[in-house]
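Student: Once you've looked at the hints, dock chain F against the given chain X.
Residues per chain, in single letters:
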Amino acid sequence: MRSFDLIRYNLQRICLHRSRWRLLTAGFQAISVALLLCGLILSGCQSDNSHSKKTLRFTMWGSAEELSVVKRLVLDYERLHPEIHIELMHFPENYFQKLHILIAGGLTPDIAFVNSLSYAVYADNDIFMPLNSFLESKRGPLKRSDLFEPALKAFTWKQQIYAIPRDVSNLVVYYNKTLFQQAHVPLPSQHWTLTDMLNAAQKITAFHSSTQHKIFGISFASQPPLMWLPYVWSQGGDLFDKGFTRFRLTEPSGIKALQFYADLRNRWHVAPTRKEVGSASMSQLFMQGKLAMMVSGRWSVPVFRSQAKFDWDIAPFPKGSAGSIVGIDSSGYAISKTTRFPQEAWSFIAFLSSTKAQTALAESGLIVPARQDVAHSQAFLQSPPQHSKTFIDIIEYGNPTHVPVRWNEIAEELGLALEPVFEGTRTAEEALKKVQPKIQILLEES
Amino acid sequence: MPTSTTTPTRSLMKRIGQTWGWPALFILPCFMGLGIFTYIPVLMSLGLSFSYWNLLGQPQWVGFSNYSAVLQDPVFWKTLQNTVMFVLGTVSLDVTMALLLALLLNRAIRGIGVFRTIFFLPVITPMVSVALVWGWLYDPNYGWLNAILQLFGVEPIAWLYDKQWALGAIILLQVWKGMGYNMVILLAGLQGIPTHIYESAELDGANGWQQFWRLTLPMLSPTLFFVVTVSLINAFQAFDAVYLLTEGGPENSTQVLVYWLFKNAFQFYKIGPASAMAYILFMIILTLTVIQWQMRKRWVLHEADD
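Chains as they are written, first to last, in this note's numbering: chain X, 1 to 446; chain F, 1001 to 1306.
Everything labelled a hint here was simulated from the structure, so no lab data went into it.
A hint or two may mislead.
[To be verified] No farther apart than 27 Å at their CA atoms in a straight line, the calculated lysine-lysine pairs in the BS3-like style are these: (1) F:K1163 with X:K433; (2) X:K214 with X:K275; (3) X:K438 with X:K158; (4) X:K275 with F:K1163; (5) F:K1163 with X:K434; (6) F:K1078 with X:K433; (7) X:K290 with X:K275; (8) X:K309 with X:K143; (9) X:K309 with X:K214; (10) F:K1078 with X:K434; (11) F:K1014 with X:K275; (12) F:K1163 with X:K438; (13) X:K214 with F:K1078; (14) X:K153 with X:K143; (15) X:K54 with X:K98; (16) X:K438 with F:K1297; (17) X:K290 with F:K1163; (18) X:K203 with X:K53.
The following block holds chain X by itself, in its conformation from the complex (with noise of 0.2 Å):
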């Protein structure tokens, strides 16, 4: 109240004038009043100015990049179709809280942009419409033979797809060549096997081994799960049974899948550890020619293209007893089960899985297109890598990644067990029996 006054007779004294000072706080309390009131009408009748159109709401995460090459297909979109708006919101951190949170509050988005590994816990909870009759009809924009099976696969849910896919993510291993050669290791064929990868990466890490700067074999990354799991799956293990109701990494296959990978780290050191990384990332690493091999998604081309001052290339990921086996995850669209306009979201969805909207996505370098054309195009299969139809290649090998809905439960608990047999301080056996009965509930549970 004193520093109130204090300002009140400052004020009177610049004013002077009594009179002109009630004037000049009458005037003040006047506009005051009046900018609250103006905020309040305001903020009551904001957004209803395109009455007229259908404006759907499309969420989507992703880099800038991503994000301008969205932006002008949504351009082209709503050129022609004059009638829908649509208004495109981007979440470039923490995108499934807020989904969660805009469900929540009942402004579940038109459509939204998912991951095959986040939309189980949507599907559970009948969030998302069946797409399955849109895709098999015939006359529709989009057919299902478009697309790539596996990739359909990742979205279906008891019988029914829940998304459809934009993207195939799987996972290859880059390689720096010009490590290889100076180290005179040859370069990792299409045949080639886990133990052939250890040897190179042996004899990388040993060529090097007087050189100032330390230089890793092959990457490490011990979460997400689906960095190892086709360590797993090329040996002949697996996460659960096909109905997510045994956890299956205590059998001796999953075992000695994860027990070999721990142990590029801390037996054969050709893996870099928790502090010989630091603070930087793998890919920034492999970019400073201290890593020869990185498992890694077709994400890391762009930077590698724009960045990269040595000779790259890709491999399939090496094969073990089982073959060579990655996951498929994949990203698409999904269209809420309570919008108002099934069929316009439905004719957006087909739109940015045409060929022409797919190609534009194609060229940025940073997905491998669900659309069979696209992928056997020259927009994706330019070089650098040189070898880039693998990613397509691998595809019918791969394994379309299912998870039960309280995955990210059983991921915290599977990396919290891994992290000591990761640092080497426990055996793969021990900690995945000590964990199994924890899994084990939350599967049950779900």
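Tutor: The following block gives chain F in isolation, referenced to the frame of chain X:
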């Protein structure tokens, strides 16, 4: 000049209106904000702590089962233990350092304002940029911290990547970031102590050490009480440094209560247990604050007899 033809009641109403009307109108937006974004959510989360809700369906009443599930979860206890360690570490270091700085900066020398600004800067620096820079300082391979330690023959430490060190590293960062705020408050407290007390103490032959223990500390105790209470509450709510740097790892060694709560709510979509945790945390903070409030009679000057 207003004419005095109004009745006494009307003029009283008018006076109340004059005293409260406009101020009430002006603080209304703020109260609406507080109501919508604080009080209502606080009450709703109390209800949700007794419910099952995954944000997608309708909440279902489940009684106390969220509370019992949380209390039976070993990760929760690990998290609580980490939080207590974190609170003890940050509050003790933070208050000691802030007091030390305040004493050093409580003098009239040239350029003192510059020093005060320097030590206050971390407080107003956003945590995101602080975390980014400290993440680099802590880097086991390129970090300056290890480079400096190596000069003294210390083996490289993996800081955030080592479960023995990670929590300590977060505490250090938090102390660096927070001590400026406490320093300013303690500085204000120091400047409120009249100088003639020191003069008479000097005449009585008290040395610097005695003056500090017998005069400065007691005279500063009300400020210290405030600083300790507020720091304690803040430390229990630590979240951002953990979120930005370690995400609770390695091996849950930096998992603190609020981050674990957040993870439960927005990664596992377990709103019920997360709300229960929030209320358990609230009870812990409330209890500690009440205890401190009671204890103040023992050590805070002029508080014993009210």
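Student: Now, for every hint given, state plainly whether the structure supports it.
Tutor: Hint check results:
1. Taking the CA atoms of F:K1163 and X:K433, the gap is near 23 Å; set against the 27 Å cutoff, the hint holds.
2. Simply put, X:K214 and X:K275 have alpha-carbon atoms about 13 Å apart, close enough for the 27 Å limit, and the pair holds.
3. The hinted pair formed by X:K438 and X:K158 meets the criterion: a straight-line CA distance of about 25 Å does not exceed 27 Å.
4. Restraint check for X:K275 and F:K1163: the C-alpha separation of about 11 Å stays at or below 27 Å, so the hint holds.
5. The suggested pairing of F:K1163 with X:K434 holds, with an alpha-carbon distance near 20 Å, which does not exceed 27 Å.
6. A C-alpha spacing of about 21 Å is found between F:K1078 and X:K433, which places the hinted pair at or below 27 Å, so the restraint holds.
7. This hinted pair checks out: X:K290 and X:K275 have alpha carbons roughly 15 Å apart, not beyond 27 Å.
8. A C-alpha spacing of about 42 Å is found between X:K309 and X:K143, which places the hinted pair above 27 Å, so the restraint is violated.
9. Distance restraint check for X:K309 and X:K214: the Cα-Cα separation of roughly 18 Å lies within the 27 Å cut-off, and the hinted pair is therefore satisfied.
10. The suggested pairing of F:K1078 with X:K434 holds, with an alpha-carbon distance near 18 Å, which does not exceed 27 Å.
11. Proposed proximity of F:K1014 and X:K275 is contradicted: the alpha carbons are some 72 Å apart, above 27 Å.
12. As the CA atoms of F:K1163 and X:K438 are separated by approximately 23 Å, the hinted pair is consistent with the 27 Å bound.
13. With a C-alpha separation of about 36 Å, the suggested pairing of X:K214 with F:K1078 is violated against the 27 Å cut-off.
14. Restraint check for X:K153 and X:K143: satisfied, since their Cα atoms lie roughly 15 Å apart, inside the 27 Å limit.
15. This hinted pair checks out: X:K54 and X:K98 have alpha carbons roughly 24 Å apart, not beyond 27 Å.
16. Proximity of X:K438 to F:K1297 is assessed by CA-CA distance (about 49 Å); at most 27 Å being required, the pair is judged violated.
17. With a C-alpha separation of about 26 Å, the suggested pair X:K290 and F:K1163 falls inside the 27 Å cut-off, and the hint holds.
18. Restraint check for X:K203 and X:K53: not satisfied, since their Cα atoms lie roughly 64 Å apart, outside the 27 Å limit.
The earlier numbered hints that this structure contradicts are 8, 11, 13, 16, 18.
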